[in-house]
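Taken in sequence, the protein lines are chains A and B.
Note that numbering that gives the first Met the number 0 has the first sequence beginning at 0, numbered continuously upward.
Note that numbering that gives the first Met the number 0 has the second sequence beginning at 0, numbered continuously upward.
Each hint should be verified, as a subset may be incorrect.
Residues of chain B placed beyond 10 angstroms of chain A at every Cβ, according to the derived structure [said to hold, decoys possible]:
1) Leu55
2) Ile120
3) Ala202
4) Gln218
5) Gly230
6) Gly239
Dumping the calculated SDA-like pairs for lysine to any residue here, alpha-carbon to alpha-carbon at most 25 angstroms [unchecked claim]:
7) A:Lys272 with B:Asp33
8) A:Lys272 with A:Glu242
9) B:Lys49 with B:Arg37
10) A:Lys272 with A:Arg95
11) A:Lys272 with A:Ala29
12) A:Lys272 with B:Asp117
13) B:Lys49 with B:Met222
14) B:Lys272 with B:Trp46
15) B:Lys49 with B:Asp33
16) B:Lys272 with A:Arg118
17) B:Lys272 with A:Gly9
18) A:Lys49 with A:Arg95
If you are wondering where the hints come from, they were derived from the structure by calculation, not from laboratory data.
Cβ atoms here follow ideal geometry from the backbone N, Cα and C, with glycine treated the same way.
Number of protein chains: 2
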Amino acid sequence: MTPPGGLTPGPPAIARLSFNQITAERASLAEAVDACARHGVPYIAVWRNKLAETGLDRAVRLVRDAGLRVSSVCRGGMFPAASPAEREARIEDNRRAVDEAAALGAEVLVLVCGAAPDRDIAAARRMVADGIAQLAPYAAERRVRLGIEPMHPAFAAERSCITTLAEGRCLAQRFDPATVGVVADVYHIWWDPDLYEELARAAGRLIGFHVSDWLVPAQEVLMNRGMMGDGVIELRRIRGAIERAGYVGPIEVEIFNEVVWNTPLDTLMPRVKERYLSCV
Amino acid sequence: MTPPGGLTPGPPAIARLSFNQITAERASLAEAVDACARHGVPYIAVWRNKLAETGLDRAVRLVRDAGLRVSSVCRGGMFPAASPAEREARIEDNRRAVDEAAALGAEVLVLVCGAAPDRDIAAARRMVADGIAQLAPYAAERRVRLGIEPMHPAFAAERSCITTLAEGRCLAQRFDPATVGVVADVYHIWWDPDLYEELARAAGRLIGFHVSDWLVPAQEVLMNRGMMGDGVIELRRIRGAIERAGYVGPIEVEIFNEVVWNTPLDTLMPRVKERYLSCV
Chain A
0 MTPPGGLTPG PPAIARLSFN QITAERASLA EAVDACARHG VPYIAVWRNK LAETGLDRAV
60 RLVRDAGLRV SSVCRGGMFP AASPAEREAR IEDNRRAVDE AAALGAEVLV LVCGAAPDRD
120 IAAARRMVAD GIAQLAPYAA ERRVRLGIEP MHPAFAAERS CITTLAEGRC LAQRFDPATV
180 GVVADVYHIW WDPDLYEELA RAAGRLIGFH VSDWLVPAQE VLMNRGMMGD GVIELRRIRG
240 AIERAGYVGP IEVEIFNEVV WNTPLDTLMP RVKERYLSCV
Chain B
0 MTPPGGLTPG PPAIARLSFN QITAERASLA EAVDACARHG VPYIAVWRNK LAETGLDRAV
60 RLVRDAGLRV SSVCRGGMFP AASPAEREAR IEDNRRAVDE AAALGAEVLV LVCGAAPDRD
120 IAAARRMVAD GIAQLAPYAA ERRVRLGIEP MHPAFAAERS CITTLAEGRC LAQRFDPATV
180 GVVADVYHIW WDPDLYEELA RAAGRLIGFH VSDWLVPAQE VLMNRGMMGD GVIELRRIRG
240 AIERAGYVGP IEVEIFNEVV WNTPLDTLMP RVKERYLSCV
């Protein structure tokens with residue numbers, strides 16, 4: 000019997016590997032860029048807090064001089080807010096995120112869409128749709144794609160009211176596929192009973208793929224991500240489904256984990272590459 | 000505009016209130032039964048570990064002498080296991096749980112379905128379906144209904160591979176509705192983008208309703224439940240949808256929370272009743 004999602008592929012190409020800099024949360028952007036360059040990792044994903052520390056112009060030079068490409072900027076989004084003025088301020092901040100992504104030549108601005116400011120999750124979902132509608136023309140002009148990242152339902156009250164691939168896809172489908180797509184992060188979606196059907200339905204809309212693992216037993220849910228292979232996620236089977244849906248772009252390794260964060264970069268990078276090749 | 004789920008109802012009847020004894024985790028069954036009786040709570044939900052401490056015959060007498068009814072026994076399930084022998088042992092344990100529910104006159108045996116023993120969540124889902132198929136005739140003979148409780152996806156790796164109302168309903172629909180239904184617990188389902196549509200689709204299959212709240216910020220996900228009204232869940236709106244789907248049975252208050260567990264029962268019970276009336 001063919002497993003759900005079909006047959007699994009061989010190892011992914013190193014040419015697609017991206018190091019999401021949250022995986023080295025203690026390092027500066029300069030240190031993360033340097034580690035990628037020395038260890039032959041072709042892509043990096045850049046966080047805005049690190050960008051602010053470094054300065055945009057210097058960040059652009061660092062990345063360019065190292066010969067890296069930027070798979071994504073993390074993160075825009077956070078659209079829902081209690082007042083119209085606050086929502087407008089969030090849009091304005093998202094425009095700055097688009098500018099930063101454009102300056103870095105990033106393929107995608109990842110959207111962590113935001114949670115309700117109150118108990119009304121349906122209203123928050125409408126604010127997300129409205130926010131993306133306001134932002135999309137600005138992003139399109141600057142040739143930055145907006146990647147809706149459905150987040151694990153454990154984050155629904157604090158980070159994103161967009162909780163499933165189906166919901167992210169339906170939201171993306173209201174917009175031009177050249178501008179708005181979906182980012183699939185295994186940590187957020189692995190449990191979904193419709194996972195493989197939904198990945199197939201997302202064909203043409205997938206613009207990012209993030210990998211880590213779900214550790215058992217789970218402790219605090221934000222920091223429960225592990226190195227690929229250390230948890231329960233069927234990474235290679237999921238990658239197979241994502242490739243059959245047409246996504247062959249960068250694969251970001253994005254791990255929130257204190258042990259990983261405390262590992263020296265020259266120990267961490269070879270492990271990331273090894274696990275990427277053996278598990279993803 | 001009518002909110003999702005339609006208009007909200009008034010307060011629920013006290014006649015439907017059930018105290019799930021995990022809400023008083025430090026108390027014995029005798030103490031929890033006594034507190035329910037003194038505070039005019041008509042139903043109790045009984046946990047099997049407490050039942051084992053008390054002894055089944057004594058438990059039956061305690062509940063009957065207090066004039067209480069048992070809304071459910073927690074819990075059966077945990078069907079997936081690595082070997083056929085272990086899976087058979089789980090079924091056998093589930094038969095004992097059915098016996099206990101029957102002895103207590105419980106309306107429902109709650110099924111926490113179990114997680115994969117490995118990385119294969121699809122196989123675990125098949126083991127759950129097989130397990131229920133094996134258990135259902137035994138339950139039907141003893142007039143105990145099996146309540147599939149979809150659990151929050153944060154528990155998918157450790158407690159239940161059945162993670163959404165849709166998945167629980169589709170699974171239940173393979174069986175006679177007189178024997179197998181779905182238990183809706185707000186903590187597990189509140190985030191679902193299809194929540195109101197799915198509650199409507201579950202009409203005729205809903206056989207339990209559990210309430211608590213989702214606290215913000217979330218800490219450890221098992222213990223993140225709060226007293227109704229202390230979190231972000233739209234409890235009354237959800238109750239309205241559940242009643243429109245035809246469920247008018249007991250409403251269990253089920254709270255895993257250290258602060259609640261450390262509250263003396265004579266302080267806790269009036270608070271449970273007050274919040275039930277004002278928030279559910």
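We went through each hint and held it up to the structure:
The claim that Leu55 of chain B is not at the interface with chain A holds, since no C-beta of that chain comes within 10 angstroms of its own (minimum 31 angstroms). Not every C-beta of chain A lies more than 10 angstroms from that of Ile120 of chain B, the closest at about 7 angstroms, which undercuts listing it as non-interface. Its beta-carbon lying about 21 angstroms from the closest one in chain A, Ala202 of chain B satisfies the requirement of being farther than 10 angstroms from that chain. The beta carbon of Gln218 of chain B is not kept farther than 10 angstroms from every beta carbon of chain A, the shortest such distance being approximately 7 angstroms.
Annotated as non-interface, Gly230 of chain B brings its C-beta within 10 angstroms of a C-beta of chain A; the closest such distance is 8 angstroms. The non-interface label for Gly239 of chain B is consistent with chain A: the shortest C-beta to C-beta separation is roughly 14 angstroms, beyond 10 angstroms. A hinted pair counts as satisfied when its Cα atoms are at most 25 angstroms apart, and Lys272 of chain A with Asp33 of chain B does not qualify at roughly 60 angstroms. Using a Cα cut-off of 25 angstroms, the hinted pair Lys272 of chain A and Glu242 of chain A holds, with the two alpha carbons roughly 20 angstroms apart.
Between Lys49 of chain B and Arg37 of chain B the alpha-carbon distance is near 20 angstroms, which keeps this suggested pair within the 25 angstroms criterion. This hinted pair does not check out: Lys272 of chain A and Arg95 of chain A have alpha carbons roughly 32 angstroms apart, beyond 25 angstroms. Distance hint between Lys272 of chain A and Ala29 of chain A is fulfilled; the C-alpha atoms sit about 20 angstroms from each other, no more than 25 angstroms. Among the hinted pairs, Lys272 of chain A with Asp117 of chain B is consistent with the structure: their alpha-carbon atoms are about 24 angstroms apart, no more than 25 angstroms.
At most 25 angstroms may separate the alpha-carbon atoms for a hinted pair to count; Lys49 of chain B and Met222 of chain B meet this at roughly 19 angstroms. The suggested pairing of Lys272 of chain B with Trp46 of chain B holds, with an alpha-carbon distance near 21 angstroms, which does not exceed 25 angstroms. Proximity of Lys49 of chain B to Asp33 of chain B is assessed by CA-CA distance (about 14 angstroms); at most 25 angstroms being required, the pair is judged to hold. With a C-alpha separation of about 22 angstroms, the suggested pairing of Lys272 of chain B with Arg118 of chain A holds against the 25 angstroms cut-off.
About 58 angstroms separates the Cα atoms of Lys272 of chain B and Gly9 of chain A, which puts this hinted pair outside 25 angstroms; it is violated. Of the pairs offered as hints, the one joining Lys49 of chain A and Arg95 of chain A holds, with about 15 angstroms between alpha carbons and a cut-off of 25 angstroms not exceeded.
Hint compliance for this structure: hints 2, 4, 5, 7, 10 and 17 are not met, and every other hint is.
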